[in-house]
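There are 2 protein chains.
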Amino acid sequence: MAQAKKAASIWDVARLAGVSHQTVSRVVNGSPRVAAATRDKVLEAITELGYRPNRLARSLAGGAVESVTVLTADISLYGPEAALRGIEKAARALDWSVQISVLDPADTHSDADIIARLPRAGEPTIIMAHDEPGMRAKQVLLDTQPQAMVAIGPYTAEELAASPWLVGMDDGKAAAEATRYLLDLGHTTVHHLAIPTSTGTFGGGRAHRAEGWARVLREAGRPVPEPVPSGWTIAEAFKAVQPLVADPEVTAILCGNDHLALATMRAAHLAGRSVPGDLSIVGFDNTPFSAYTTPALTTVNQDFESVGRGAFELLRHRVDSSIPRPVPGWPEPELIVRETSGPPAEH
Amino acid sequence: MAQAKKAASIWDVARLAGVSHQTVSRVVNGSPRVAAATRDKVLEAITELGYRPNRLARSLAGGAVESVTVLTADISLYGPEAALRGIEKAARALDWSVQISVLDPADTHSDADIIARLPRAGEPTIIMAHDEPGMRAKQVLLDTQPQAMVAIGPYTAEELAASPWLVGMDDGKAAAEATRYLLDLGHTTVHHLAIPTSTGTFGGGRAHRAEGWARVLREAGRPVPEPVPSGWTIAEAFKAVQPLVADPEVTAILCGNDHLALATMRAAHLAGRSVPGDLSIVGFDNTPFSAYTTPALTTVNQDFESVGRGAFELLRHRVDSSIPRPVPGWPEPELIVRETSGPPAEH
DNA sequence: ATCAATGAGGTGAACGTTCACACGAGGCGG
DNA sequence: CCGCCTCGTGTGAACGTTCACCTCATTGAT
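Note that the protein sequences, when read in sequence, are chains D and F.
If you count the first sequence from 1, position 124 lands on 124 in UniProt numbering, and the numbers rise without skipping.
If you count the second sequence from 1, position 230 lands on 230 in UniProt numbering, and the numbers rise without skipping.
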């Protein structure tokens with residue numbers, strides 16, 4: 001019955017080593033101003049007692065901030081999940097800790113509830129602002145502690161330039177590129193199965209992918225069909241896309257992400273329409289599975305992991321201005337043509 | 001330029017409300033022994049100053065522990081991701097915070113590095129022990145702070161009963177069920193594309209899915225082919241499975257998870273083998289996309305989210321013995337027959 | 001009228017760190 | 001030989017809470 005005896009503190013180590021608590025602190029933090037002999041004594045005491053520093057006490061006492069909280073609505077979505085991975089990697093490299101807090105979309109939490117999630121006032125925070133709960137959290141933190149927050153989301157180049165707390169990729173442009181590609185293939189127009197927008201009570205949230213798609217169609221003088229709204233899940237997408245695959249006039253569908261695209265492929269198959277013969281399908285995000293569907297999915301690659309890393313770097317800069325502002329260096333979204341897209345069938 | 005003035009503390013509120021700091025604490029924590037008038041004064045001061053409690057200070061001062069750290073090697077894997085979701089939901093319902101720390105498989109971190117990840121000694125921790133780094137972390141924590149840790153992993157009923165810190169599902173049994181199903185369909189034997197095992201320097205880690213599969217074959221007196229080892233990624237699986245799909249003798253493959261199964265479907269397609277006509281494929285985990293592949297994947301459903309929730313409940317019980325031990329109540333793994341499995345082709 | 005019980009609130013220490021400073025011992029230049 | 005700088009180390013106060021205990025009214029029963 002290993003009794004859970006209290007963990008050793010810096011004072012216990014100090015007593016055992018015959019030095020002051022401050023000297024122990026210096027050793028632990030690698031200060032140069034401590035004699036080699038003393039250091040050894042302290043180190044020995046540390047291993048003997050199994051001492052490990054308490055990070056809570058460290059931050060409380062005003063030591064350097066070494067934690068970041070990620071606010072997101074859904075870690076099962078590929079984008080947020082990959083970005084989280086990037087944040088975590090970058091944080092780990094610097095020995096920062098990562099805390100995640102999931103925003104419940106169904107929940108009617110007040111603004112106070114959102115900030116109550118943070119471990120303390122001024123906690124460095126990264127928000128995945130791709131949907132309504134995220135946009136809302138973004139606004140709350142922008143009002144509360146703008147200097148210690150960064151938001152990740154899809155944004156145009158202008159928005160990015162105007163908001164120093166913003167990190168993201170211009171996926172409107174990427175959607176435009178994909179749409180243009182489909183038109184060039186000979187399709188009269190392109191339909192759009194859309195992910196939920198972040199519009200709502202809070203300004204700034206828009207459907208960038210849908211906008212890029214619509215812009216290209218307008219510029220090309222093509223009819224702009226009403227985008228078909230879908231939820232985030234494959235099941236919802238499968239239901240939503242039915243009218244589209246049933247309509248023989250529809251020859252090309254740009255999907256808001258790869259999961260929606262998979263649902264579309266499935267629906268097309270069940271409706272007896274061949275892909276890409278009768279129907280071209282383009283996804284978004286280059287989710288790992290997309291290269292292995294049959295036929296393999298044409299999609300738009302996005303390096304979310306790098307964006308996550310960039311968000312972390314930017315946050316460090318914003319929290320501590322002595323750290324230089326990072327220059328965003330991740331690749332632009334890029335169309336990856338695989339097997340689900342091709343010229344429309346001859347009439 | 002909203003100067004980041006220091007956040008209000010409990011003392012500031014006390015001063016403004018004309019009471020002691022302790023009274024503020026009582027109000028914040030909803031103690032009944034405070035007069036209504038006083039409470040109102042305090043609440044007013046709180047909103048006026050925008051006070052929010054500092055969770056770090058709270059835990060430091062010996063308040064109830066309200067955070068849990070999750071140690072995992074890979075959040076992009078469906079199992080850990082879903083379990084994490086379950087943990088997070090359960091934690092959120094109780095206003096606990098969740099911290100995640102990713103174990104780098106490539107990293108040669110020492111045992112000390114692993115526990116250095118924890119915010120403090122005795123931090124309640126849940127470990128995803130499905131692979132080598134996870135098993136290792138499990139062992140370290142078991143040695144260090146057994147009373148404040150819980151591990152999630154695939155285990156047999158006996159192992160579960162023997163280890164009070166263990167939560168999981170018997171996926172060996174599920175693999176057995178799937179194998180039996182394929183044999184009953186008429187296949188002479190079943191091949192296995194295996195996920196990495198957790199065996200290695202640390203005992204206890206085994207390949208439960210592979211064991212369940214092999215056991216059924218032996219019991220049925222069928223040849224037990226060498227399992228084909230694959231990495232976790234789809235790309236690795238695609239490479240690993242090539243010899244299997246190229247071999248016309250192989251008529252049924254049980255895959256270690258749905259991603260491996262997808263790779264197998266793709267490889268089979270490219271090798272000109274029809275599914276399920278020439279080759280039956282069964283996956284594992286019932287990953288969301290699996291119902292929407294073409295053909296739809298036969299797989300084994302596992303309710304990882306419930307397991308995550310169960311792990312959290314068990315952890316609470318272990319940290320605070322006044323909380324009753326939860327009874328594991330999640331559904332057993334269950335075979336879901338869809339379209340990738342069928343009787344072997346006639347010779 | 002007295003006394004115990006109860007309700008409302010205050011006081012001081014503790015949690016485990018870091019920060020700002022103070023202090024003595026050598027070394028070195030003048 | 002004196003003053004000053006640097007090195008190594010110690011002292012005490014903070015950080016923002018909670019905990020354990022104390023005090024002072026008020027109440028109600030005896």
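Don't read these hints as lab results, they were simulated from the structure.
Computed from a prediction, not measured in an experiment: that's the story for all the values here.
Honestly, I wouldn't trust all of these hints.
[To be verified] Dumping the calculated DMTMM-like pairs for lysine to aspartate or glutamate here, alpha-carbon to alpha-carbon at most 20 Å:
1. Lys89/D with Glu132/F
2. Lys89/D with Glu158/F
3. Lys89/F with Asp104/F
4. Lys89/D with Asp113/F
5. Lys6/F with Asp12/D
6. Lys89/D with Glu81/F
Practice problem: State the violated hints by number, sorted upward, taking the hints as numbered earlier in the document. | Solution: 2, 3, 5
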